[in-house]
Amino acid sequence: MRKNNFAIKMLVLALTVLLALAGCNKYNEETTKTPTDGKDNQPKQTEKAGSGNPDVFNYATNQDIPHLDPHGTSSNTSFRVTYMLYDRLVTYDGTDTEIKPQLAEKWDLPEDGVTYTFYLNKNAKFHDGTPVTAEAVKYSYTRALKIGKSAAGQFNGVIDENSFEIIDEHTIKIKLLKPFSPFLKTLGTVFGNIVNPKLSEHEGNDNGEAYLADKDMGSGPFVLDSWARGQKLVLKANSDYWGEVPKLKTVNVQIVNEPATARLMLEKGELDLLDDTMLSPDVLKQLEGADGIEILKSPGYAIDDISMNIEKKPLDNVKVRQAIAHAVNYDSIINDVLLGAGERIGGIIPKGMFGYNDAVKLYDFDLEKAKELLKEAGQEKGFKLEIAISENNEVRKNIAVMLQSDFKKIGIDLEIKSLAWPTYLDLVTSGKHQLAIGGWTPDYADPDYNLWYFAHSSSKGPGFNLAFYDNKKVDQLLEEGRQTVDEGRREEIYKEIQAIMAEEVPYIFPSQRKVQVPVRTWVKGFEINPMNTWYVPFQKITKD
Amino acid sequence: MDALRYIIKRLLLMFPILFGITVLTFFISNTIPGDPARLAAGPHADAKVIEELRETMGLNKPLYVQYGTYMNNLVHGDFGFSNFSHQPVIEDIKAYFPATLELTLFSMFITILIGIPFGVISANKKDKIADQFTRVMSLMGVAMPAFWLGILLLLFFYLQLGILPGSGRLDTGLSPPVTITGMYTLDALLSGNWTVFQSAIIHLILPAITQAAVTIGMITRMTRSSMLEVLKSDYVRTAYAKGGTDTRVLYGHALRNGMMPILTLLGMTFGHSLGGSVLVESVFSWPGLGKYAVNAITYLDFPAVMAVTMLIAILFITVNLIIDILYQVIDPRLNYD
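Protein sequences appear in the order of chains A and B. Quick note on numbering: our numbering labels position 189 of the first sequence as 189, and the sequence is numbered without any gaps. For any residue, its number in our numbering is found by taking its place in the second sequence, counting from 1, and adding 544.
Derived DSSO-like pairs (lysine-lysine); straight-line CA-CA distance at most 27 angstroms: (1) K472(A) with K592(B); (2) K236(A) with K638(B); (3) K138(A) with K592(B); (4) K146(A) with K592(B); (5) K638(B) with K215(A); (6) K432(A) with K605(B); (7) K432(A) with K592(B); (8) K369(A) with K313(A); (9) K175(A) with K146(A); (10) K178(A) with K592(B); (11) K592(B) with K460(A); (12) K592(B) with K175(A); (13) K146(A) with K605(B).
Computed footprint of chain A on chain B, listed as stretches where at least three residues anywhere in the stretch have a Cβ under 8 angstroms from a Cβ of chain A: (14) 628-634; (15) 717-726.
The hints are simulated quantities; they were obtained by calculation from the structure and are not laboratory data. The C-beta atom is built at its ideal place from N, Cα and C for all residues, glycine as well.
Please model the complete structure; the sequences and the hints are all you need to start from.
So, in structure tokens, the structure goes:
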């Protein structure tokens, strides 16, 4: 029996000693971490943690990073990292939504409408020291097509494996299957990342997807240092970068699951910047004016939308849709739900983007008018409707609740269906929904991108035309827009489509969001790109 | 020999149980509306790509055929491929599981260290101040939501006092120790890396306490009621009469006899902590299996869901087997049948 007693005493003693030894740290702003004795001074451990160190940047997101294959991923958290590891022929810089040269120094626009010639920068090198060649460009785009996932969505029908002609090591001709005016813009997105063709040695039977999932075979300003899944991904500056070498030496992309915890860490100064989607509008409001923290505000191209499935009765009647558009309290959504971080908009082209039509019909919040329209449609007795939203989105839930109370006043009984993401996606893409709230941000700033997905009849359902909108005139205009080189004509086309859609209201657009990002005041050089809001230009950021 | 036969029998019994679990998990998760190929392909993929992916993922075959294929691979040691992380599920499990196991072991350690003595004291001082105190404490532990308690602890120890870290498994500047078991504390000890060990222990404190709060409450209450029963026995009176000290009688004689229900509950709570730590993992950004499982379900990543469920089931069964064996060690009068 003595032994039993002894064991308990030893356990207590051991725990006390552990806690005492461990408890010496102070988790404060000034925290620096250096080895306590000379024995384990591995180089990585001499680095100062937290925010005292201008060389180390701590970024946090609450979304796990699935994998790092630039051609297979559709996740913003992966984009943010692959955009740093890889370069593209052209790129987007700062707040600019127009392309800039990157791997391609210059290019010839097509004379025949379809053949582009790119001249690559001869200094560009992959992280293993091999030069970035025309072969690499061909390899990367072909691979994206073969994999067939997200990246291929940009290239399908535009190029195929026979589109490439290698002129010399640093010159490549790409011949499109048919004219596609936004082509150059697509090359600047994450899907246009150029991968080292040495990947072909590791392709296996899955185009190297499994191999590249946790590796870096790019030529970008940062290299992948380490990745503890679900925890922390570490980027190190590429000191041999062929372009401008980043000032930050280390970037820690940390997964902090709980926004409340991340907020505390930001307040403590242990984090420098949070993912823009992490904190809700009211928490951001609370943080405003906090010591050492700034809420950067910037226009964004993200748009909230309510799609009305026109294949479902009574939504097939345009008068009913117009009535619903009059029953949405836009001001209240912007002021009370988004707390001012949004703007009224009339169509799917965001304000500030090429092709935006500022003259489209806007529907006021006018319940009398709505009732009148319902009467004209023969629906004055009222009816039931369902609105689908995906779970865990505070803002959309609040919008739905607001709609529910306003719709009641015009006799529409709105039922809110809050669904898990896969269930939501299945419901809306198969067209079994009536109303659905969603959000949209373009991958590149061309009106074709937004409108093709939302309005072309070939995009119904899985293509994200969730209103199942079908208008021959609009289809025809969209097809013309893709093949038109003249920017003036294109602008006309897209403005006309917006005007038609504003009349027929397959969608309601409650707001265009402002991007709000909580950041420590010592962070300099961070500019928010309105279209790629996930994009953090770590290569340009400094801390002081 | 008896013991060995018993263990083998129990291990063999594991197979039908596991088989049942695979059937249930497989067919239930497939009833979730949604298309795994659509989610794997990403939002911009066109219909042709999705159809091809559905073909390669085997989703066009009837469900029972898919199940057959899955089981066939499983028997050959292949847990399948995760469409979320683009790597074999087994690699994911290796990355996420040790964190959960470490946290659970540490919180069980705290539970045993605090819960059992508290229960013994409470029973011994029935209706006295000490008893009232432990009863209120254990009630609070059981009643407080882990999520709320976690945030509260963070506010106090991290934001106010600044003596404990807020998230993760290690300080930002440190890199993980060489992987041996995947549990940082153990690996750091084995590789003699004191700095990492310190950091790993410190990072465990708050999540482990949060996780242990509930189990401490349960164990304390169970120990108390079990001890109250035992303390009435004749042999306890005899032990005191023979001049045994409080500690010796309580922990040596009484607790040993009252240990059965406590052990059973410990086994149950261990399994519960393994599978149900997602809230704690979320508050403290603990990169464990809970969060991984939630992601897997959100992406309809069925091989991952299956693997997590089976892993937890196997551990649950194993722990309970160990507990059953411990019964015999504690009370040799029991026989294995």
